[in-house]
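Undergrad: Chain residues, written in single-letter form:
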Amino acid sequence: MVQISDDNEGWTNKPGVNAGDVAIDVREFTTGYEDRVLLEDLNFSVHHGEIFIILGGSGCGKSTLLKHLIGLYTPWSGSIRILGRELTQASEKELNEIRRDFGVMYQSGALFGSMTILENVCLPLSEWTELPRKVINDIAYWRLSLVGLGEFSDFYPSEISGGMRKRAAIARAMALDPKILFLDEPSAGLDPITSADLDELILKLSHQLGMTFVVVTHELDSVFNIATRCIMLDKEARGIIDDGPPLVLKNESTHPKVRQFFGRQSSSRLT
Amino acid sequence: MAHIRLPAKLDTDSVGRSWDRVFQFIKAPGISGVELDASRLEFCDTAGLSFLSSLKNQAVTHQLPMTMKGLSGEIASRLSTFEDFLATERLERPTQPSNIFISTGKSLHHLAKDFQEQIMFLGELLLHFASTIRNPGSFPVSEVWRLAEKVGVQALGIVSLISFLIGLIMAFQSAITMKLFGAELYVADLVGISLVRELGPLMTAILLAGRTGAAFAAELGTMKVNEEIDALTTMGLKPVKFLVMSRVTATVLMAPVLTAYADLMGLVGGGVVFCSFGFPLVTYMHELDVAIKVVDYVGGTAKAFVFGFLVAAIGCLRGLQTRNSASSVGESTTSAVVSGIVLIVVADGIFSVVYYYLGI
Chain W
1 MVQISDDNEG WTNKPGVNAG DVAIDVREFT TGYEDRVLLE DLNFSVHHGE IFIILGGSGC
61 GKSTLLKHLI GLYTPWSGSI RILGRELTQA SEKELNEIRR DFGVMYQSGA LFGSMTILEN
121 VCLPLSEWTE LPRKVINDIA YWRLSLVGLG EFSDFYPSEI SGGMRKRAAI ARAMALDPKI
181 LFLDEPSAGL DPITSADLDE LILKLSHQLG MTFVVVTHEL DSVFNIATRC IMLDKEARGI
241 IDDGPPLVLK NESTHPKVRQ FFGRQSSSRL T
Chain G
1 MAHIRLPAKL DTDSVGRSWD RVFQFIKAPG ISGVELDASR LEFCDTAGLS FLSSLKNQAV
61 THQLPMTMKG LSGEIASRLS TFEDFLATER LERPTQPSNI FISTGKSLHH LAKDFQEQIM
121 FLGELLLHFA STIRNPGSFP VSEVWRLAEK VGVQALGIVS LISFLIGLIM AFQSAITMKL
181 FGAELYVADL VGISLVRELG PLMTAILLAG RTGAAFAAEL GTMKVNEEID ALTTMGLKPV
241 KFLVMSRVTA TVLMAPVLTA YADLMGLVGG GVVFCSFGFP LVTYMHELDV AIKVVDYVGG
301 TAKAFVFGFL VAAIGCLRGL QTRNSASSVG ESTTSAVVSG IVLIVVADGI FSVVYYYLGI
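Chain order of the listed sequences is W and G. The opening residue of the first sequence carries number 1 in the working numbering; numbering runs sequentially from there. The opening residue of the second sequence carries number 1 in the working numbering; numbering runs sequentially from there.
In short, the hints are calculated from the structure, not lab data. Bear in mind that the values here come from a model prediction, so they are computed numbers and not experimental data. Built from N, CA and C at the ideal position, the CB exists for glycine as well. A portion of the hints provided could be inaccurate.
Unchecked claim - Distance condition first, Cα-Cα at most 16 Å in a straight line; then the derived EDC-like pairs of lysine to aspartate or glutamate:
| # | chain 1 | residue 1 | chain 2 | residue 2 |
| --- | --- | --- | --- | --- |
| 1 | W | Lys250 | W | Glu236 |
| 2 | G | Lys150 | G | Asp230 |
| 3 | W | Lys134 | G | Asp230 |
| 4 | G | Lys69 | G | Asp20 |
| 5 | W | Lys134 | G | Glu219 |
| 6 | W | Lys179 | W | Asp21 |
What the hints assert, rightly or not - To give a feel for the contact side, a few chain G residues facing chain W, derived at Cβ under 7 Å:
| # | residue |
| --- | --- |
| 7 | Gly16 |
| 8 | Thr46 |
| 9 | Ser50 |
| 10 | Ala326 |
Use the sequences and the hints to build the structure in full.
TA: Structure (structure tokens):
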């Protein structure tokens, strides 16, 4: 008789994942650059299974907020809890453990140019697991097939298109079966068809794998296609000015900047 | 019978730690079958699916009957999808046949193409210089000054150190042999002539290749990756005229100045050793005055001009040849240094032959 243990040092308190549970909890979050406050006293939660969109104009702090959520920046004050574990006070070791539970797709894809896209996807698996090489290759190849790039696994990032690079970056972000995927401007620089394909992929992954998505985007079409909930940040308010499903924000928000954003109006028309 | 009890969570951690143990266990002698208890299993990630699938395959391979109990419908369905995926034929990029003839042919073709590009680049550069002579107002003087400071002034430290040490080492090394013939006095002549004619220009050019050529390749390569070169082209500006001419001019102007400075520092290094043998400084100066002719200095300076041109031009060319990735910038930088040094040595060889026939 052999029994496989699931007790793993540092992971015994890893919470279960059920739809509706809080995946990310941000409380009294304040940050900025040098002596300039960018975001002040932010409070919001993201629930499991949601496709959560962070909206806002240029310079309002969307990408900065994302970088705090993935532990690259430390806030001035406040707390960020990812799957119940505090990110802001975590040591480097704890931070790496927390990071194993989420994947990140950067705006440019950030694939390593010296590796094929299969090797890019294999990288986190070979660094973080003790699985045999063949199994790692199978998993990576499956991930690439899920995003429709199975036949391009031996290509280098410079040999594929921008949209394919983004899909490959999603496959790499999913390598370790994360519970949460952070996507920074997934549709930026893509044509409408590729952008719609990417939206379809996000929806497919959300439904099939039950992942939680946190997406920073400006693309209104994408927002309406995929979002279950949005928050809208504003530079002057230095925080969230509205929160809710995209159609509710579009049709019912009373905040002039939200109406302007969803109505695609220029600043000069804002009264 | 091998009984395997799965945990509540079958993920990359638990699977990775247990993989070898489980597979060795089922291969042990006397095992007649595998019984998998998945009644506790609640969570199974892709590594877990891979584990279950591999276990089933191993059982089939070793002709062991396998039973699986308590597997939830959701995990069983995902396992089935995963197994279907593994069963599909993997699409691989068609590989082209390769043998020594094909690879040699490709290398030769690559070399010929590179040589052709170098000639075309040189031609374009010279044409732009010619058009600038006709229209001097278009020459970017302020940019050349800025670059000259980077190429020349900021390199003084490393040139001082290397040249001083070269002079010092040469004096010491030659003194050992000279002493046998009682000719230590001629250490000054040897150091002076070899520095001014050969080592001064050569060492300065190699330093320029490592410092300036690499910097130009990296800078232009990054601009290529960031599409800045494309932006210049679409604005109707020639990258060679806009980016390369100023860099080449600054390097060509600074290389002889740096070489003169390197000669001086090398002579100081040699002088320190010479004086340490008990000779007065005036003897050293007198020997240098007798040994070094104006033509030696002119010959060395001519080399410095050419070396400077080669280093800057090849650095810029490699930068412009960069493809669209970060690793390509690294390749361009390496190639700029390697090609630069090769060209310097080849040009130096040509200079030696020419000087020999000219009697210089």
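Undergrad: Next step is simple, just say for each hint if it's right about the structure.
TA: Hints versus structure:
1. Lys250/W - Glu236/W: Between Lys250/W and Glu236/W the Cα gap is close to 20 Å, so the pair fails against 16 Å, i.e. violated.
2. Lys150/G - Asp230/G: Distance ~25 Å between Lys150/G and Asp230/G Cα, so the pair is violated.
3. Lys134/W - Asp230/G: With a Cα-Cα distance of about 42 Å, the restraint between Lys134/W and Asp230/G is violated, given a limit of 16 Å.
4. Lys69/G - Asp20/G: violated (22 Å)
5. Lys134/W - Glu219/G: Violated, at about 40 Å.
6. Lys179/W - Asp21/W: Satisfied, since the Cα-Cα distance of roughly 12 Å is no more than 16 Å.
7. Gly16: holds (3 Å)
8. Thr46: At about 5 Å, which falls below the 7 Å cut-off, the nearest Cβ of chain W leaves the hint on Thr46/G intact, so it holds.
9. Ser50: Since chain W brings a Cβ to about 5 Å from Ser50/G, closer than 7 Å, the hint holds.
10. Ala326: holds (5 Å)
Hints 1, 2, 3, 4, 5, counting from the list given before, are not met by this structure.
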